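Order-wise, the sequence lines are chains A and B.
The opening residue of the first sequence carries number 1 in this note's numbering; numbering runs sequentially from there.
The opening residue of the second sequence carries number 1 in this note's numbering; numbering runs sequentially from there.
No lab work stands behind these hints: they were computed from the structure.
Nothing here was measured: the structure is a model prediction, and the numbers come from that model.
Heads up, some of the hints might be wrong.
Note: identical chains are not told apart, hence a pair may lie in one copy or across any two.
[As the list claims (entries may be wrong)] Straight-line distance between alpha carbons at most 27 angstroms, and here's what the computed DSSO-like set of lysine-lysine pairs gives: (1) LYS721 x LYS668; (2) LYS382 x LYS159; (3) LYS389 x LYS685; (4) LYS772 x LYS721; (5) LYS724 x LYS504; (6) LYS707 x LYS724; (7) LYS277 x LYS131; (8) LYS721 x LYS707; (9) LYS83 x LYS555; (10) LYS605 x LYS386; (11) LYS437 x LYS389.
There are 2 protein chains.
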Amino acid sequence: MAKKKAATTRRTTTKASKKTTHKAAPRPAKKTASKKASSKAGSRKAAAKKVAKKAAAKRSTASKPSSARRPKPGKMVYYFGAKGTEGDSSMRELIGGKGGNLAEMTSIGLPVPPGFTITTETCGAYYQAGKRLPHGLMNEVHKHVSTLQKETGKVFGDKKNPLLVSVRSGAAVSMPGMMDTILNLGLNDESVEALAEATGNRRFAYDAYRRLLNMFGDVVLGVEHRAFEAAFDGLKRRLGAADDTDVPEAGIVELCELYKDVIKRHSSQDFPQNPFKQLELAIEAVFRSWNADRAITYRRLSGIAGLIGTAVNVQSMVFGNMGDDSGTGVAFTRDPSTGKNIFYGEFLINAQGEDVVAGIRTPQHVSAMAKWNKKVYDQLLKIKTKLEKHYREMQDIEFTIERGTLYMLQTRSGKRTGAAAVKISCDMVKEHLIDEKEALLRIPAGDLTQLLLPSFDPKAKTIATALTTGLPASPGAAVGRPAFTADEAVERAHAGEKVILVRKETSPEDVDGMHSAVGILTSTGGMTSHAAVVARGWGKCCVAGASEITINTEKGTFTVAGQVFGRQDTISIDGTSGELFAGSISTIEPTLSGDFAKIMRWADKYRTMGVRTNADSPADAKRAREFGAQGIGLTRTEHMFFGDQRIRIMREMILADSIESREAALEKLLPMQREDFVGIFRAMKGLPVTVRLLDPPLHEFLPHEAKAQEEMAAVMRVPVKTIKARVAMLHESNPMLGHRGCRLAVTYPEILRMQVRAIVEATIECAAERVKALPEIMVPLVGTRAELAMLRAQIEETMAEVKAEMEYKSRLDIKIGTMIEIPRAALTADEVAEVADFFSFGTNDLTQLTFGYSRDDINTFLPDYLKQGLLPIDPFQSLDITGVGQLVEMGTAKGRATKPELKVGICGEHGGDPASVHFCHAIGLDYVSCSPFRVPIARLAAAQAAIRGERGGGDGGDGGDGSDGGGA
Amino acid sequence: MAKKKAATTRRTTTKASKKTTHKAAPRPAKKTASKKASSKAGSRKAAAKKVAKKAAAKRSTASKPSSARRPKPGKMVYYFGAKGTEGDSSMRELIGGKGGNLAEMTSIGLPVPPGFTITTETCGAYYQAGKRLPHGLMNEVHKHVSTLQKETGKVFGDKKNPLLVSVRSGAAVSMPGMMDTILNLGLNDESVEALAEATGNRRFAYDAYRRLLNMFGDVVLGVEHRAFEAAFDGLKRRLGAADDTDVPEAGIVELCELYKDVIKRHSSQDFPQNPFKQLELAIEAVFRSWNADRAITYRRLSGIAGLIGTAVNVQSMVFGNMGDDSGTGVAFTRDPSTGKNIFYGEFLINAQGEDVVAGIRTPQHVSAMAKWNKKVYDQLLKIKTKLEKHYREMQDIEFTIERGTLYMLQTRSGKRTGAAAVKISCDMVKEHLIDEKEALLRIPAGDLTQLLLPSFDPKAKTIATALTTGLPASPGAAVGRPAFTADEAVERAHAGEKVILVRKETSPEDVDGMHSAVGILTSTGGMTSHAAVVARGWGKCCVAGASEITINTEKGTFTVAGQVFGRQDTISIDGTSGELFAGSISTIEPTLSGDFAKIMRWADKYRTMGVRTNADSPADAKRAREFGAQGIGLTRTEHMFFGDQRIRIMREMILADSIESREAALEKLLPMQREDFVGIFRAMKGLPVTVRLLDPPLHEFLPHEAKAQEEMAAVMRVPVKTIKARVAMLHESNPMLGHRGCRLAVTYPEILRMQVRAIVEATIECAAERVKALPEIMVPLVGTRAELAMLRAQIEETMAEVKAEMEYKSRLDIKIGTMIEIPRAALTADEVAEVADFFSFGTNDLTQLTFGYSRDDINTFLPDYLKQGLLPIDPFQSLDITGVGQLVEMGTAKGRATKPELKVGICGEHGGDPASVHFCHAIGLDYVSCSPFRVPIARLAAAQAAIRGERGGGDGGDGGDGSDGGGA
């Protein structure tokens, strides 16, 4: 039972998490499969191997049978029904998710139309044999059809009481793009008459037949769907029928003839009248669809690998459209939106499943069934409860009532919102269905964002149509009017207007405007562009890289999808989906429930890795602390220099042409910088604060546009040409690879000294107030041991100087370490560690350099790369474990080999990505650091990693790993 | 004897190679010393370890004694003289190069003034004891002085027959910056009178005394030299003496008193009258000088590490200035400029060694000695021959004749030019002094450049003063007048003028102008800037990054050192030294001797690694083949698109807004591209040609300046704004990390198809002419297996297509591989190798990404880095073995683990750098590829690596590893 539970709990997936899930969870599986060569080379390290190995182990666990049932080697077909059920849901690798659940439901006594499943291994054998059905398969199928005939009392292709079946694909993981469904298989020119007689409804029987002909022709014989449509349209015109339902019985009968002609004409073969021939061809079509372009693309994009093929489910047909005593419905065992424990779903009388999905008729709430057929409704309620108890998980079910008899057609874990995931998890612990660890594993960590930020009302969003979709750079929802410059945004926001800053891209000069805006929209730049990083830090909504919008800053307009928007037009942006809408869409403010707090408490109880935050101001620090951050992993000091007064002094310093005048400017910055630190230290009292020394190239502090340069010249009373000259002098072809980071400290040691002085003075000032400050000085962009050794000596010298000046007698507890963000630093981490107290992996820059991708320019080719499956995911969003992760792991191992007590963390954007957090846990990092709003995500992800680790399931990713079975 | 020979042969160094030597050779030593932590981390691979280990082994070999003499543990002083010589030149690690050679010369019976050497270990002990002379040292010194007294019959500090000694430092490696020499030690107020009496020359004696006072006061007691100068000047003024020599005996006697006062005043102590006190203080001063700032800086800059200290040589004085029967001289046993076997040197009658060096008097040619003292001259000739036979190497000697008696004061390997190195090596093989392998090892590979390119006449250069010094970007010498744009250069060169293209930096648009110019001078850009790379490829002289020149392109002038140069001013640039001169300096054209050919033959006989070339045109290919290239390792196809006609079509393609119009433009490029390949294939008939697909970002093909954009618009008949818009669209923040390399092929597969088509069509065309073409298609900038897999499929598809179209029936022998230049590709080389036939490490980009340095911008901080010793050398010049090398080694190992037959080479600029070539050999690469003019260097370096490898001396670098002993 324990095993079964473990298998089922992996199925948790909500709609919102689908994307994350496909990205994150299956990736380790891919690694295992494709990485043999890698380990061959002997280069991968223990932990990364462990991750892959555990993923493999987990998969084999999942496919291990319960004690009752075992897969038999070579067995190709598994029956489910009263005549004996041979599979269960733990065998999903072999019989697919759908097949497993059908067998499982049958086993626990639910009314499931009997049938059988052809294994995924058989599909593999089909391809191994050069696309031929394996020898003996059809014999097996015959045998199982014969069992089915016995159980149903019907006969396949019979002229009196024909057995009809559906044929569906069903892999171990839900996978759009494969063949979906063929219904009513077994009908032919003779049995259709028998069906007409048996049901007393000739129109129904021929309608079933024409559906088979259409689906079979399309899917199995490759006849284009529109050929059938054309035939139907012609008939309707001839009969003067506006709608399908207007066509009388005779018309439908004729239509079947027309369809047979279409098949003959387009495929040069007759529709096979032999039902076994139909079945054989349909099975082969399902196998073929496993390698259809769409399916391959889907697997590639979702990182699904290591599966051998799809299973085929053959199930006896039941009909919800046999009259008003029949019906069909879909339901969730709890509310997937709120998580409340209420039965939630819809049903339609006299309809087939596809009618509910198609939305032609408006379905009723499932509770209305009570009035329609109390007995059936009560039965369904009992089944609902039984399923939840059995699976210990919220279920998404499909059912059909044929002439008053209830049949269950499908069950699977239900998708849910982040809020629902939290509530269901907590409730199920209360209901003793699952334990705390299981509860934590059930919540896709990334979905917690939904609980922390405002979001658009899903109902309102359904009605609106997105003008375009950019990158979901920073989640949340924002409604406002466009502002086209930072100054304008500040001004209008000051006047009380809600503005969305619309820029081609943002730069540090824009931060004031960004802060004033309710949201940010850029037309270029990726997930880690300046706009995205800053916005995420603030929890401010941002859509980046919306390349379809064209901005005219001078006119104050932007154009998208042929529409022009100006300063007076309200727009809405969804930072969670990347969508841009015209007009105002209503938003929902987040409310943090007690359940959320409970989940966080549990997470802290089980996680072993620390979670810090990236924060540059006391306000950010305070908020992050409220979200549970255990310190600051990254304070970027450059953001502190962009304030109105400070940027002026900063520019003075940059224009200085002697050390003396540079030092004079720095002297003015010192007290400001010190106060910044005092504020942050107070907010983080008693917790470590990693301060990164100045990192960006100096030209980032100078204006690059003529007008701004003139303004600066006027303010600073220097000729414009002086400014232009300095901008030109500081210009770099590739600033990312230029004069920045510790390279600045090497050439301008006085800047480093001022910053260190500010840190030490702030520390001592805090000590006087009895505030324990624990700064850690981080030197950025180190590539060699020599750099850090030299700068460390300067830092220590300054520390000693300030200590002496201020007559501070106690020990200064200030660590000195470095950011590992240059590949060479990771490669030579053994040397660098000799002079470092800690490492913090700057995975943004490390990703840029390891891939040779500029995050500012990646949008020129990233979309092509993702579309063509050359990259499974934007590596700036989720850590590239194979490449960049290899360096992180190597750097950690080498660093600790030199200095076992070395503290190692990660402070790139990946610190808030669940899959990356999992990897960091697996390789034994001390902490991850992420933006304040992602702290809860990191806490939960770290707990999940710890729990999976102890359970032996070491794969990365969210709580869910894709839904099971699937299909309509 | 074999061991001794091995030790001595390592000493070969020529003046020109000094820089290379200091950079390259000692580096591995540094690695060994500082890399323990690295191997501790278990991360370094076998080969790199081997390099370090062998370097260590070699060092211990060098310090191993000959069978006759052995260092005794704890022994601090080694005597040399008739009373017993305890050291020899194999003990240089212990007694320094100078001490070793003094002992060695004594042993073989040469007339060396006796003395003794205090070991380097004693210096180490001095530092270990907190800068105190080790216990017992002065006892030992006393004992050895006593032996010295017995041998010379003189007594230290004696009032009658005083023993005088010199004290000199002398480490294992020549090292400027340490204390040089104190002469005449042992003189005091009493012994000076005895010396006067013994020599019958009181002025001489007091002059010797005042020299001692001056040197001792300066070097030992820290009195500034100018204090002594001031005293001397005052005296001369008082005596009305214009020159030192005008001061009479009494004045010199008085000067000694004045000097003693100076010492007293400035050091607050008396000049020690006790000679043993003098000696003790002098020894300590030598030890102290080991850690003088200058010495530390020198060691850091030269990468000298792992030495424990300096030795101290104490030697009895002889005087060349005792009258006209005395004299002194320096000589080379062969001509160091041409290598001819003639005795070559200078001598001065009645002078001390420093007088020869100081250049106050003009010395005579050494052959003039024959007339002066035939006996002594004959004796010197015999000694010369004996020394060469003994050391089997050209020697640089110093000698003194004291009253008709010859004394040898120093011998060491002589520095020589590249041409001399080649001739001496060949001659010595003929003379049976050395074997072929030894001959190869003796020639610093980098010095071969001097033989291949024109150079400035050294005599002419001595007279001129450089206006400024930039980077020696491409060797050679050029004289011409400045041209400030590429067009101007083309025009004026066409009119027959010799022009030097002077640009801030060059871009691909400038190639025509660069080609027309005789030399290139840029004010920005590093050793691997566009100008440098292109110039080296052509063997054209280039000075890059001459940051002190300011160019005014509009006016057609540049300013440097306060002088303005226009179109009519002739300038000279030296690409070997980086110097810029005003006016015309005479050049010497290279003539390749038969000896050169012989050396190359020998090199090919012993090397095991292939040498290819980087060539983009049939002419380059032909020349490289003449230089011995065994194929092309890199053909950059983009250079082919900059011709006048082609750039227009290229731009058409870039402006195209549909695949169709892009394909139409490509269609026009196809025949041109095909003809390029046909030409190259013909030139390289039968040899492999690696063709790299289009690499640079497309915006490099568009003009960026307004005027050029207008011209382009006119030519192409499109609005300027179209061009501006495309330029803006293609603009990237960091083009190095942008849309280039295989990323272009992913988004524009039609470009790749055109290029592959051209390659295949050219191959088949050649086959028709019976020219065997062996193209290898190289995909640039691959970071993931997926990229290469997809592009490989497209390449194969196109190959098959063309083959079918052209009805070519034979097998197409075209390999498909990739450049490994992205760190991730090296890290995941096991995966990438699955779809690659070969790897070629692009170490330029790999260095950029591994360090995070943009080679276009590195000049903003590289000078500081080199100056402060943060980098031992520009990593774009010589491969960073620890970091970048680690990736090269890892990539090779991982790649071959997947595919043992994988062909692996290197095609970055490092392929022509001797130290890098050595590393490539050590890790087992199949070939290196470098610019045509560096092919001979690579052939020789590869041979040296192979020979050292088999001899167990696996350190990288040139033939020499710094001169021995050293000192004046």
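Open item on the list: As a check of your reading, is LYS707 near LYS724 (CA-CA no more than 27 angstroms) within one copy, between copies, both or neither?
Closed with: Intra 11 angstroms, inter 20 angstroms, cutoff 27 angstroms: intra and inter.
Open item on the list: One pair to classify: LYS724 and LYS504, alpha carbons no more than 27 angstroms apart. Within, between, both, or neither?
Closed with: The answer is both: 23 angstroms in one copy and 17 angstroms across copies each meet 27 angstroms.
TODO: Using 27 angstroms as the alpha carbon limit, work out where LYS721 and LYS707 are close: within a copy, between copies, both or neither.
DONE: Answer is both: 13 angstroms inside a copy and 22 angstroms across each meet the 27 angstroms cutoff.
TODO: With 27 angstroms as the alpha-carbon cut-off, assign the pair LYS389 and LYS685 to within, between, both or neither.
DONE: neither (47 angstroms within a copy, 77 angstroms between copies)
Task: Identical-chain pair category, LYS605 with LYS386, by Cα at 27 angstroms - done: neither (32 angstroms within a copy, 84 angstroms between copies)
- [ ] Measure nothing new, just compare the shortest in-copy and cross-copy C-alpha distances for LYS277 and LYS131 to 27 angstroms and report within, between, both or neither.
- [x] within (17 angstroms within a copy, 99 angstroms between copies)
Open item on the list: If the cut is 27 angstroms between Cα atoms, do LYS83 and LYS555 qualify within a copy, between copies, both or neither?
Closed with: Neither: 76 angstroms inside a chain and 98 angstroms across chains, both beyond 27 angstroms.
Open item on the list: I want to check one pair: LYS437 and LYS389. Are their C-alpha atoms no more than 27 angstroms apart within a copy, between two copies, both, or neither?
Closed with: For LYS437 and LYS389, the Cα distance is within 27 angstroms only inside one copy (18 angstroms; across copies 84 angstroms).
Task: Intra- versus inter-copy proximity for LYS721 and LYS772 (alpha-carbon distance at most 27 angstroms) - done: neither (48 angstroms within a copy, 60 angstroms between copies)
Open item on the list: My question is about LYS721 and LYS668: at a cut-off of 27 angstroms on alpha-carbon distance, are they close within one copy, between copies, both, or neither?
Closed with: Classified as within: same-chain Cα gap 25 angstroms, cross-chain 46 angstroms, threshold 27 angstroms.
TODO: Have a look at LYS382 and LYS159 and pick one of within, between, both or neither, based on CA distance no larger than 27 angstroms.
DONE: neither (38 angstroms within a copy, 124 angstroms between copies)
In summary, the numbered hints that this structure violates are 2, 3, 4, 9, 10.
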